[in-house]
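**Q** Each chain, written out:
There are 2 protein chains.
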Amino acid sequence: MAETLRIIPLGGLGEVGKNMLLFEYAGRILVVDAGIMFPEFDMLGVDLVLPYYTYLRERAAEVAGIIITHGHEDHIGGLPYLLGDVLPASTPIYGTPLALGLIRAKLSEHPQLNGVVLHSVAAGQTTTVGPFEVEFLAITHSIPDGVGLAIKTPLGTIIHTGDFKFEYTPVRGSGPGFARLGQLGAQGVLALLSDSTGAERAGHTPSESVIAPAFDQIFREAQGRIIVATFASLLSRVQQVIDAAVRHHRVVALAGYSMVKTTEIARELGHLEAPEGVLVDLGEALKLPDNRVAIVTTGSQGQPEAALARMADGTHRQIEVKRGDTIILSSTPIPGNEEGVARLINKLIARGAELIYPPLADVHVSGHASQEELKLMISLTRPKFFVPVHGELRHLHAHARLARELGIPTENILLMEDGAVLELSAQRAKLKKERVPAGDVYVHGSGVGDVGRQVIAERETLGNNGFVLAVVPIRAATGEIAGKPELISRGFVFVRERTDLMERAADAVYRALSEGKVRQRQAIIDRTQGLLTRFFFDETKRKPMVLAVITNCD
Amino acid sequence: MAETLRIIPLGGLGEVGKNMLLFEYAGRILVVDAGIMFPEFDMLGVDLVLPYYTYLRERAAEVAGIIITHGHEDHIGGLPYLLGDVLPASTPIYGTPLALGLIRAKLSEHPQLNGVVLHSVAAGQTTTVGPFEVEFLAITHSIPDGVGLAIKTPLGTIIHTGDFKFEYTPVRGSGPGFARLGQLGAQGVLALLSDSTGAERAGHTPSESVIAPAFDQIFREAQGRIIVATFASLLSRVQQVIDAAVRHHRVVALAGYSMVKTTEIARELGHLEAPEGVLVDLGEALKLPDNRVAIVTTGSQGQPEAALARMADGTHRQIEVKRGDTIILSSTPIPGNEEGVARLINKLIARGAELIYPPLADVHVSGHASQEELKLMISLTRPKFFVPVHGELRHLHAHARLARELGIPTENILLMEDGAVLELSAQRAKLKKERVPAGDVYVHGSGVGDVGRQVIAERETLGNNGFVLAVVPIRAATGEIAGKPELISRGFVFVRERTDLMERAADAVYRALSEGKVRQRQAIIDRTQGLLTRFFFDETKRKPMVLAVITNCD
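Chains as they are written, first to last, in this note's numbering: chain A, 6 to 559; chain B, 6 to 559.
Certain hints may be false.
For identical chains, the list gives no copy identity; a pair is met inside one copy or between any two copies.
What the hints assert, rightly or not - Here are the simulated DSBU-like cross-link-like pairs (lysine-lysine), alpha carbons at most 35 Å apart as the crow flies:
| # | residue 1 | residue 2 |
| --- | --- | --- |
| 1 | 489 | 548 |
| 2 | 327 | 437 |
| 3 | 548 | 522 |
| 4 | 389 | 266 |
| 5 | 437 | 352 |
| 6 | 435 | 352 |
| 7 | 266 | 111 |
| 8 | 157 | 522 |
| 9 | 111 | 546 |
| 10 | 266 | 546 |
| 11 | 111 | 548 |
| 12 | 266 | 548 |
| 13 | 380 | 522 |
| 14 | 292 | 546 |
| 15 | 292 | 352 |
Hints in this document: simulated from the structure, not taken from any laboratory.
Everything numeric in this text was worked out from a predicted model, so none of it was measured.
Assemble the whole structure, with the sequences as input and the hints as a guide.
**A** And the structure:
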């Protein structure tokens, strides 16, 4: 049997985030990206989500290396969990300098991962990883120094776009390698794996450069301080704030841990440039007249711990938002964050600030390609097979529709979800019936995978209804109830206002257990729990979790 | 002192929903609308939110009547809580036939409210309510039979728009009373209170009639069943499905309790028209060939109990979604519902259906005015004073900006929040320093107001971290610990996988209490709770709620 190439997504197909793709050939595995996902609204208490590493764990010896396409959390955040546990800490990692800088910062918080092996690569270069020859392709995205991949095997070339948009006029650095993509397309591409995030959006994503005129108008008109909230990794946006500040004679200060840290790494690597004296310490900036100051801060997604949220709540150590401040949200809410961002805006307005956010002004553009760019990517690379990647099912399907419109035969469009296995030969692509383990592994605190479906279901009940604990005093000698049970509740009702309710509930238990013949401990517990569950539902139409414990009396 | 008019918003200004405005003149109060708000993401377990009725409760005798502008829940949903409790059940209610039909259906679930007095009114009519002469104004909104109000007092005329858009080409019924608004403006308007919901949106909200061509294309191309999900109250949309079905030779069936009920009321009142034989029972429809069937269903917001969610989960009693089905979400997610709607879409796609939703096609338009319409409203009515109503702070501020652009002096624009008191004379408007009680009253199950800040905070802890209960056996005679405590947890860790953790925690408590000199019950409880809280945080970086109870041993 001839050698085949297998492509297995462990994360990022069917859900957004925790991106991880496996390429298998000749008994070796190439891992592309190792991301996390941020929890969805009903993943209660969960800090972050990992893909299942089961398949990789069983084949750790076969892993030739890990390639990171760019430095966003949904592409690098899983590394601390992957390395040293699932894969040897010495597994080689390939990435561009900025991605590696961010990875290094992340791993430095995990001293046991001191020995990791990071290989710096750059767009245009080619590296051999096991049986794969991987060429790094220049693309543009909302973080600098991102790359796409041309993965070359004896069966043909696979192009993986990574996250991308086609940015003709980047604020800093060079644009995408249109010509090289076309050359690869002309030479023959076996399969294209392309970013589906923006597949529902018509047209062409606007260039980052449209932000400058909007910033100029705001900087021209603002009488007081300007506070710009954006993503710490959106360095082109930070650059634009610096550029606008220079044009309008303001200094720029940074607020928020990740903003300070990312900016530091980016400056060292030349991804951010500020004339001498423009970037100043926050404390220094706040001593200057308000109309000389611009502040770039984290927290544009309403994250409750970020600097902007603390400003909105009046708990930021240094910045007190006041009348005269102009605050720009240079971002749009990530799905799920809409309500939190709206509340943040309202709180800041209530403090007297002028708020500017999309669509009130053109202060944000997406980092992902829209439909016309996705069509261009397919048209440049002319793949035999097409695999939409990075997206919810809806995005993958929308992307597949575009591919069909461009004439790719339906049978050559492979709609995959996490855990699916695609087998490619030079001529054929086949989705195997086989599936590898895939899904969400929850990380909460320091625990990985010890919160699952059952614990989340309990949290949902507790979060929506609270609980009632009945402490039932039983005479050890006879098994009879010795008095009214004590009821302790949390998250159920405001007890001070409903003492009557709790009294009557305790009475009901006492009466039932006094009259009944129940003497066995477990039977007493079951009886109490059943009775209280019914009682509280009848009385309040709520379903608190009810627990009973027995205390002995003599 | 001359008589003044006081306007007091109890709900709807600063938060979206639970709309309720009070107009006070000559010792009498006119209540406009009595709505509920749907809970925000962090109002855990809450079913719905009411405004504070405190102020009204204390002045029940002064209430002359309640006017309802239209039949949406955020305008009528509070009536069952208001009537019979806060205000006499006999308080007269004024509304258009559709609003009253929906109110009647709602109150029929509350038999104690049998005696309510409903007065039917219509656009163009004028009614006297206490000292107020109220003219009902024809407006258009996403439910038929909505009205604005011209409230006439000796001090001048107040126009309250209610929820509105300027619909030039309504699908059914007549359009807004542009001319009458202009006439009132020419005669002099003391104050305009106008809907701010769409104040951040540029341009003019598209007409409902743009939906028809989109529906036509979908109905033409669909090979199987067509399922359209929308709001039960969006009767013009239901009408458009019926119209498209007639054009494309399909029958229409309804799925979902509120869809069936609302449609029934609307048909009786002539707000919905279907040729004989087009509207059929769902069971009947499902016996016909798929390409003869269109189904209109509830659940477009991803509500977990609605018909569409049950179809997505495969638990709908009658409809099994399958390949060939075309499902239209004829709506956009209300803020907060985005993630739920996205998940719904993905589930339905996974079942093989073709999904169509904005922006993939023009299958929804808003029911609220955009900026150009808001400017037209101000320009037609030419008010002396302007009060933006119905919206979060951000919307009220955006609306105020529009009013300033139209030349209304800043001091004549009154930015109010719930609980503020505006005092108007014929010449002056003054925001009083005084505030009336305002805020959110949570309804959960049958409880009104017994869930507050503290209970919600407990739910948040429980929902994110669960709890651990330690049952500590103490010798009654000596106060010494008699054995290892039993630990019971819910929503904390998956216990079967972490027995070691719970064992070590129990050991730690036993050791500490054995060694220590603590003998007093409360001290034992405090010690145990403190120790376990620290232990679990050190071990898991989580903060479950920890409770200890003492059980006696002898």
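**Q** Quick one: which hint numbers does this structure break? Sort them smallest to largest.
**A** Failing hints, ascending: 4, 8, 13 and 14.
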